[in-house]
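Chemist: The listed protein sequences correspond, in order, to chains A and B. Those letters in the first sequence? Residues 1 to 392, by UniProt numbering. Those letters in the second sequence? Residues 1 to 392, by UniProt numbering.
Don't take each hint at face value.
One copy or two, it doesn't matter: identical chains are merged, so the pair holds either way.
To be verified - Derived DSS-like pairs: lysine-lysine, alpha-carbon spacing no greater than 30 Å straight-line: (1) Lys387 / Lys275; (2) Lys275 / Lys236; (3) Lys82 / Lys356; (4) Lys75 / Lys275; (5) Lys45 / Lys224; (6) Lys224 / Lys356; (7) Lys387 / Lys362; (8) Lys275 / Lys392; (9) Lys236 / Lys45; (10) Lys275 / Lys82.
Rather than coming from a laboratory, the hints here were simulated on the basis of the structure. These numbers come from a predicted model, not from an experiment.
Number of protein chains: 2
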Amino acid sequence: MKALYAQSGGVTSVINASAYGVIDEARKNGLEIYVGINGVTGILKERFLDATELDIEFLRYTPAGAFGSCRKKLKSDADIEKLFEIFRKNDIRYFFYNGGNDSMDTAWRLQAEAQKRGYELKVVGVPKTIDNDLPHTDHCPGYGSAAKYIAIAMMEAALDLRSMYVDSTQVFVMEIMGRHAGWLAAAAALGWVNGIGADIVLLPEEPFNKDEFISAVDNIVSRKGHCAIAVAEGLKYPDGFFVSDMGYTDSFGNRQLGGVGFTIAGMVRSELGLKTHVAIPDYLQRSGRHIASATDVQEAEMCGRMAVRYALEDNYGVMVTMERVSDEPYEIRYSSVPLNLVAEQTRMLPKDYFDKFMVTEKFFKYALPLIQGEPYPPFRNGLPDYKLLDLK
Amino acid sequence: MKALYAQSGGVTSVINASAYGVIDEARKNGLEIYVGINGVTGILKERFLDATELDIEFLRYTPAGAFGSCRKKLKSDADIEKLFEIFRKNDIRYFFYNGGNDSMDTAWRLQAEAQKRGYELKVVGVPKTIDNDLPHTDHCPGYGSAAKYIAIAMMEAALDLRSMYVDSTQVFVMEIMGRHAGWLAAAAALGWVNGIGADIVLLPEEPFNKDEFISAVDNIVSRKGHCAIAVAEGLKYPDGFFVSDMGYTDSFGNRQLGGVGFTIAGMVRSELGLKTHVAIPDYLQRSGRHIASATDVQEAEMCGRMAVRYALEDNYGVMVTMERVSDEPYEIRYSSVPLNLVAEQTRMLPKDYFDKFMVTEKFFKYALPLIQGEPYPPFRNGLPDYKLLDLK
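Throw the hints in and build the complete structure from the sequences for me.
Modeler: The following block contains the structure:
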């Protein structure tokens with residue numbers, strides 16, 4: 001029986017740990033495991049890699065998509081037709097798709113089409129997104145490590161700001177990924193458990209009121225002399241318009257956002273006359289495997305393993321989920337949810353996780369268990385010893 | 001005998017290790033050691049902290065300026081008069097100033113003024129700058145850790161880009177600090193020793209030719225499908241004008257730069273029609289102590305110790321320097337240089353360290369020894385256990 005695994009959507013620093021879990025578990029269960037290069041985009045060109053004998057140890061610590069990812073949405077009948085032709089020709093009977101909201105839509109379509117066509121195919125989705133916005137799961141692999149990266153980056157930047165504010169910069173702004181949900185931007189406040197973090201978090205879930213924001217910055221700077229701000233790229237005005245709409249759409253049809261950090265800093269400069277600095281970690285926050293969460297790495301691998309186990313138990317057409325059993329001690333249980341319930345859905349930060357410009361104690365309880373442990377990658381020549389496959 | 005230590009200029013992730021070296025060495029030699037808060041800005045307000053009994057262990061792993069920094073240039077006679085009044089009143093006889101080009105100018109003025117006034121004062125400069133642009137020293141504490149941060153960030157972002165390019169982003173641009181010199185931007189290429197790094201580095205030392213640049217990007221994208229670019233904020237056109245001049249000056253009178261990453265990405269988008277992503281690590285690159293160079297941390301501490309030793313040997317009016325004895329095995333020797341020879345001087349990347357858009361083997365030989373070793377900070381609650389002094 002042949003199984004196919006592929007990666008899709010924006011990558012994370014631990015998506016390869018899920019790949020490791022899928023491949024290792026598939027091998028242990030006697031499946032012939034193949035990997036599609038660049039998700040469905042490469043599969044449509046029959047770009048496979050035989051992973052039955054592949055040395056996969058590097059997947060545990062190398063960030064981003066070792067097998068290439070894609071942004072393709074499976075919409076056209078021709079693409080679906082072609083895909084089943086390729087599946088049939090290669091006798092693919094299991095398909096493990098590792099991605100976020102859009103990728104689960106692809107997975108769901110494939111499962112539905114297989115049933116319609118009477119082609120025996122077991123599809124299981126492996127969750128992955130730094131955005132943490134998939135519904136029906138407590139959290140998503142990739143989030144814990146990105147949250148840890150953001151929390152540390154903000155702690156360090158805030159210490160820097162605190163050193164400089166007397167006669168230089170008073171306001172630091174960090175622009176954080178998160179088009180619809182503020183899970184990641186919220187993480188910029190986590191450093192407060194160790195004494196320093198973001199003073200203000202601007203979330204997509206809280207409609208942006210410029211006057212209130214400027215007044216909040218003014219109060220904080222009056223009190224302590226400086227103010228560190230985290231802003232989600234998806235920050236919106238009350239009318240739903242993005243504070244920083246770039247004026248065009250990306251390849252998934254989503255509005256392209258950018259520069260909200262500079263927009264926010266500009267407001268502070270012109271309204272309060274304060275000196276500002278802006279950081280935009282961009283890819284660094286989602287592929288920063290040099291600092292990751294051990295919890296996240298381990299769960300990413302387990303989500304991969306569970307996908308294989310579910311498929312073998314005939315529990316397919318589902319995505320692997322995690323249910324939280326308890327916060328202290330932190331414990332989760334793996335489960336599954338039908339793919340159509342996650343496809344293209346977005347889970348926002350719950351209302352009781354934030355209060356205007358700051359997160360609440362509930363958010364700390366939720367997020368802190370997800371960022372525990374430091375599984376450092378091996379180093380060589382003073383740099384991480386990441387490995388690259390030749391994908392040509 | 002009373003000694004005063006203070007921090008000045010943009011901070012680094014290891015400047016506190018120098019503070020540790022100065023304070024510990026001063027104590028061991030029976031000096032009464034005080035620390036000025038916010039450099040000369042705070043000293044002018046008699047903001048001191050008695051460090052004779054201070055628990056200083058946290059200085060070894062906490063980034064940014066634990067005692068606050070400043071951007072003040074000592075220019076006015078009134079300030080100098082006031083400073084000597086305060087020195088005299090508190091019987092300050094040693095002054096250790098930890099900073100870069102501008103701060104060494106301050107240190108030099110104070111030493112010269114002391115001699116003119118017949119006030120016995122021994123001033124020794126402790127070098128510090130991520131920019132690595134102080135002359136007469138092989139390198140500067142702070143550079144190795146920032147270079148390591150940049151090298152790793154670029155490796156991780158390039159892996160991300162490599163995952164996404166097929167139907168999403170083809171060109172990634174990282175804007176790196178360095179107003180005049182390209183030492184830090186050059187570090188974005190170091191990852192090649194482990195197989196992945198920046199494809200193009202745009203340095204202030206190489207006058208920017210847009211046509212050649214666009215053609216280079218086009219060639220690289222044609223060959224491998226994607227291109228990772230590091231650009232120094234101080235990139236200049238052949239006429240000396242900054243590619244991204246913000247239109248105003250900072251508190252040191254330097255032109256404020258910003259947004260060169262977006263300028264470069266915009267050129268690529270409009271000329272080649274490629275999708276781009278831009279990262280601006282800003283403060284993250286200079287205070288990112290969660291990943292630092294062990295060599296750098298150790299040398300930063302030693303530079304602090306040597307400053308005290310030199311002063312006690314009556315070698316003052318100098319800045320501590322490092323001379324490279326050999327590359328392999330890496331060995332340096334501590335020495336000193338008169339402060340007036342470093343004050344307001346800038347050391348550029350030597351011409352044989354780069355060739356248009358890429359660094360040479362000579363740069364690798366120079367920079368790699370400086371980024372070795374991973375002295376991780378202690379963690380608590382999943383985050384670095386940095387400590388803050390109450391500076392009120």
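Chemist: Cα distance capped at 30 Å. Does lysine 224 pair with lysine 356 within a copy, between copies, both, or neither?
Modeler: Result: close within a single copy only, 20 Å intra versus 46 Å inter.
Chemist: Checking lysine 275 and lysine 236: alpha-carbon separation at most 30 Å within a copy, between copies, both or neither?
Modeler: So lysine 275 and lysine 236 pass the 30 Å test inside a copy (24 Å) and across (24 Å) alike.
Chemist: First find the shortest C-alpha distance between lysine 45 and lysine 224 inside one copy, then the shortest across copies, and answer within, between, both or neither for a cut-off of 30 Å.
Modeler: between (58 Å within a copy, 18 Å between copies)
Chemist: Checking lysine 275 and lysine 82: alpha-carbon separation at most 30 Å within a copy, between copies, both or neither?
Modeler: between (56 Å within a copy, 27 Å between copies)
Chemist: Checking lysine 82 and lysine 356: alpha-carbon separation at most 30 Å within a copy, between copies, both or neither?
Modeler: This pair counts as neither: shortest intra-copy Cα distance 49 Å, inter-copy 46 Å.
Chemist: At most 30 Å between alpha carbons: which applies to lysine 387 and lysine 362, within, between, both or neither?
Modeler: between (39 Å within a copy, 25 Å between copies)
Chemist: Go through the copies and call it for lysine 236 and lysine 45: within, between, both or neither, with a Cα cutoff of 30 Å.
Modeler: For lysine 236 and lysine 45, neither the intra-copy (39 Å) nor the inter-copy (44 Å) Cα distance is at most 30 Å.
Chemist: First find the shortest C-alpha distance between lysine 275 and lysine 392 inside one copy, then the shortest across copies, and answer within, between, both or neither for a cut-off of 30 Å.
Modeler: between (48 Å within a copy, 21 Å between copies)
Chemist: From the Cα coordinates, with 30 Å as the cut-off, is the pair lysine 75 and lysine 275 best called within, between, both, or neither?
Modeler: between (48 Å within a copy, 22 Å between copies)
Chemist: How would you classify lysine 387 and lysine 275 at a CA-CA limit of 30 Å: within, between, both, or neither?
Modeler: For lysine 387 and lysine 275, the Cα distance is within 30 Å only across copies (26 Å; inside one copy 42 Å).
In the structure shown, a violation is registered for the earlier hints numbered 3 and 9, in ascending order.
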